[in-house]
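One letter stands for each residue in the lines below.
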Amino acid sequence: MPDEQSRKAKSGRLLDIRNLRIEATTYPPGEPPKTITLVHDVSLTLERGKVLGLIGESGAGKSTIGLASMGYGRGGCRIIGGEVVLNGRDILKGGRSGLRKLRGREVCYVAQSAAAAFNPAHQLMDQVVEASLLHGTAKRAAAEKRAVELFRKLGLPDPENIGKRYPHQVSGGQLQRVMTAMALCSEPDLIVFDEPTTALDVTTQIDVLAAIRDAIRDTGVAALYITHDLAVVAQVADEIMVLRHGRLVEWGDTRQIIKEPRQEYTNALVSVHEIEHQEKKAADTPFLSVKNVTAAYGQGTVKVLKNVSVDIHSGQTLAVVGESGSGKSTLARAITGLLPPMEGSITFGGKKLSNALSARSKEDLRQLQMVYQMADVAMNPRQPISTIIGRPLEFYFGMKGAERDRRVAELLDKIEMGKGFADRYPAELSGGQKQRVCIARALAAKPKLIICDEVTSALDPLVANGILKLLLELQAEEGVAYLFITHDLATVRSIADSIAVMYRGEVVRYGSKSEVLAPPFDPYTDLLLSSVPEMEIGWLDKAIASRRMESAGN
Amino acid sequence: MSSPILKLIVQRVALGIVLLFAVSLLIFVGTEILPGDVAQSILGQTATPQALAALREELGLNDPAYVRYLRWLGGVLSGDLGTALTSGHDIASSISDRLANTLFLAACAAVVAVPLAILLGLLAVRYRNGPVDKAISAFALASTSFPEFFIGYLLVFFFAVKWQFFPAISTVFDGMSFIDRLHAVALPATALTLVVLAHMMRMTRAAILNVMQSAYIETAELKGLRPLEVIRKHAFPNAIAPVVNVVMLNLAYLIVGVVVVEVIFVYPGMGQYLVDHVAKRDVPVVQAVGLIFAAVYILLNIVADISAILANPRLRHPK
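Going line by line, the protein sequences match chains A and B. Here my numbering is used: position 176 in the first sequence is 191, and no number is missing along the way. Here my numbering is used: position 296 in the second sequence is 305, and no number is missing along the way.
Calculated directly from the structure, the hints in this document are not laboratory data. Please note: incorrect hints may appear among the correct ones.
Stated by the list, open to error - Straight-line alpha carbon distances no greater than 20 Å define the calculated EDC-like cross-link-like pairs of lysine to aspartate or glutamate that follow:
#1 A/K49 / A/D31
#2 A/K415 / A/E431
#3 A/K296 / A/E492
#4 B/K328 / A/D173
#5 B/K242 / A/D141
#6 A/K321 / A/D537
#7 A/K461 / A/D503
#8 B/K328 / A/D141
#9 B/K328 / A/E378
#10 A/K116 / B/E238
As the list claims (entries may be wrong) - Partial list, derived from the structure: chain B residues whose beta carbon lies under 7 Å from chain A:
#11 Q222
#12 A224
#13 L231
#14 K232
#15 G233
#16 H243
#17 P246
#18 N247
#19 Y262
#20 P322
#21 R323
#22 H326
#23 K328
Keep in mind the model is a prediction, meaning the values are calculated, not measured. Just so it is clear, CB atoms sit at the ideal spot from N, CA and C, and this is done for glycine as well.
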């Protein structure tokens, strides 16, 4: 058992992970089960009250290591070697009941998606104080009092009553703060933050990040902060550990990692966003023009697009930026005819496109293709890549047999994937490869416009970067135009020729990239721009101090 | 309370009433197209044509079908189910005792079967894929796979004949004490429990296992809750809707599908009454019993729907 005296102490070593080795068994279809090693002999130490950032791409083993500090293996992961010494004892030797005693008491967990991590059937307060009551750290009244204080500290609206709400009645950014309050409520020594702001809009992320940072500082809890975003972790962490493929790449204090990275891989992470993209001059007449479009869901009750007008020029990219709920994707749905506009018109190549999808010709359909955020669910998992890419060839051009196969091979070549991928299934590809296949499928129709809806949002920065480069190359070769929907302004700088900033269904700023990104800014664009994390220590304080308006997510 | 929930519930109830009228029409049409003549079956093969004609006139059989339907429906709505052709008794009063008996037997079986099935389902999830889970599934599936009459006779053989704990024939009568009644229905109730157990248990297990994939289950585990607490407190409340649905289907079966068990134990319930009168071609009785069975089904399904609505926090607590 941990000695109460050492638990109370504010300094000293809290966590000492030595030579941690974690395995998992996978069951690929049609093959014998394979055992893979997810974490290779990683060691780390954490002092009381300090924050260690774990950073890396997906598959780096960050979450797996974070959860190992609670002795937890997600989805069949097994800790097969090493020691996890917490408060002076190896928790892996304490058995199941020993682990249950420390979970929720000495170590708490904040998940990436608080929306999924809260039980929809119970009120928030019951869930927030559950661990405190279970471990007997406080009586109900005292625990609720502490929870309300934490809600207040984390900047939640109506802290006295928000606990009476159910998870679905609270926004994503607020839930993330409630989850942080839940983790802090039982006064643990360590909190594992697993990508707590990744799923949020930039404008919301900054508030949540500041709330988490202040809460950590004020309560003196130690933290493992897991993220793939170096700029985010630089704002909260004392030290940063870079991981790749389950191995340690580099470990140092925050300043050293972001200013003087010693490893090549760290350097690549630090300098990932920079693609130079020269803005193209708009031609006189756009080929696609959206005029005063208003669209709504539920027979006109919920207007999600209000009087939107934008133009798209041949071979150029219009980026549509805004936070979730601003109507970006709805604009795409209106253009493709999936959600026929109530008012306004869409002109394509000089003639008006019919609003409804069913009234458009096959040729009109061919000219507008889409690539989605979630490549996994945008492909039929039971079809091989050749069928997936070959389908638009058959459908629009009637290609068959060898001719089709040759064209599929050409397209695979264009997306920098070899012919060998033709017979593979989506499940065998990585996230980036899947997105490439989706791009090839869109390209197969030889469209004039590809609508890219958050195509890089679910990808690791380095992979996303590769996708952006590919899109730019394809644009140069094929002359295809993009309507690029994103919430990420860094991506916008790399790819856009013109930009439309959307806020609550309206275009609040529109023009060429250089115009839109040059001051003076309207308040919302200013908020968006200033919310993008910069790889700069102390950025967060400066950004919060200089803001002119609150984000819509609050 | 909020209006969307009230609206949904009112919709369900209204739908149930519409459905009940549709069923009454179906029952009437069904018995109408059956071959045979009621007057003939009352008076027998030897009746004179004059007697037949007189009886038809008296029973109103010469009226058009819709008139007879409306007359029947009007009777039903005012609590008059007609008279049995074979005995001349008032159907409503003969049925009320038997319906009470059937409901009593069903309630006895349900009181044991529903909690037991849910508990076994929870345990099966707690020890999933292990020997306990397999043993529970094997027992429940075996008891369901055996035909009811087989289980019934097995129970009679051991508990009534060999060890003589319970009577082999479930006689009940007015003025019997509650304990005596329980004693009388012990064996049929056990047989029914065994029949409906597996379905509910398996559905509980499947519905909870489905929920166990959710991220909030991991949250609960990472708070240090014991596995059974995780299941009871965090998984089960989110699995209520499908479980209630299958429970209600089985309750309906307990009331409507007990024919075989009632016959085996010579229990004076609805099933036996129906079987007797089908054999005698007593159309008004068949119609009345059919309508009651349909009403039971519809009522229980409405209850299941409403429970599912109430179990959904998004409907209970709108934004």
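We went through each hint and held it up to the structure:
Taken as a hint, the A/K49 and A/D31 pair is broken in the structure, with Cα atoms around 30 Å apart against an allowance of 20 Å. Distance hint between A/K415 and A/E431 is unfulfilled; the C-alpha atoms sit about 23 Å from each other, more than 20 Å. Taking the CA atoms of A/K296 and A/E492, the gap is about 18 Å. The hint holds against a cut of 20 Å. Between B/K328 and A/D173 the CA atoms are separated by roughly 15 Å; this keeps the pair inside 20 Å, and the hint holds.
With a C-alpha separation of about 11 Å, the suggested pairing of B/K242 with A/D141 holds against the 20 Å cut-off. A threshold of 20 Å between alpha carbons decides the hint, and for A/K321 with A/D537 the separation of about 19 Å falls inside it, so the pair holds. Note on A/K461 and A/D503: the hinted pairing is violated, with a Cα-Cα distance of about 27 Å set against a maximum of 20 Å. Our distance criterion of 20 Å between C-alpha atoms is met by B/K328 and A/D141, whose separation comes to about 19 Å.
Note on B/K328 and A/E378: the hinted pairing is violated, with a Cα-Cα distance of about 43 Å set against a maximum of 20 Å. Distance restraint check for A/K116 and B/E238: the Cα-Cα separation of roughly 14 Å lies within the 20 Å cut-off, and the hinted pair is therefore satisfied. For B/Q222, the interface hint is violated, the least distance from its beta-carbon to any beta-carbon of chain A being 10 Å, above 7 Å. Proximity of B/A224 to chain A holds as hinted, the smallest CB-CB distance being about 4 Å (cut-off 7 Å).
Because the beta carbon of B/L231 sits about 5 Å from the nearest beta carbon in chain A, less than 7 Å, this interface hint is met. The beta carbon of B/K232 is positioned within 7 Å of a beta carbon in chain A (closest approach about 4 Å), and the interface hint is therefore held. A least Cβ separation of about 4 Å between B/G233 and chain A falls short of the 7 Å threshold, and the interface hint therefore holds. For B/H243, the suggested interface contact is upheld, since its CB lies about 5 Å from the closest CB of chain A, less than 7 Å.
Satisfaction of the interface hint for B/P246 is found here, the shortest Cβ-Cβ separation to chain A being roughly 4 Å, below the 7 Å cut-off. At about 5 Å, the closest approach between the beta carbon of B/N247 and any beta carbon in chain A falls short of 7 Å, and the interface hint on this residue holds. With its C-beta approaching chain A no nearer than about 28 Å, B/Y262 sits outside the 7 Å limit, and its interface hint is violated. At a threshold of 7 Å, the smallest CB-CB gap from B/P322 to chain A is about 5 Å, leaving the interface hint in force.
Against a cut-off of 7 Å between C-beta atoms, the interface hint on B/R323 holds, since the closest Cβ of chain A lies about 5 Å away. The interface hint given for B/H326 holds, since its Cβ lies 5 Å from the closest Cβ of chain A, which is under the 7 Å cut-off. Hint on B/K328 holds. Least Cβ distance to chain A is approximately 5 Å, under the 7 Å limit.
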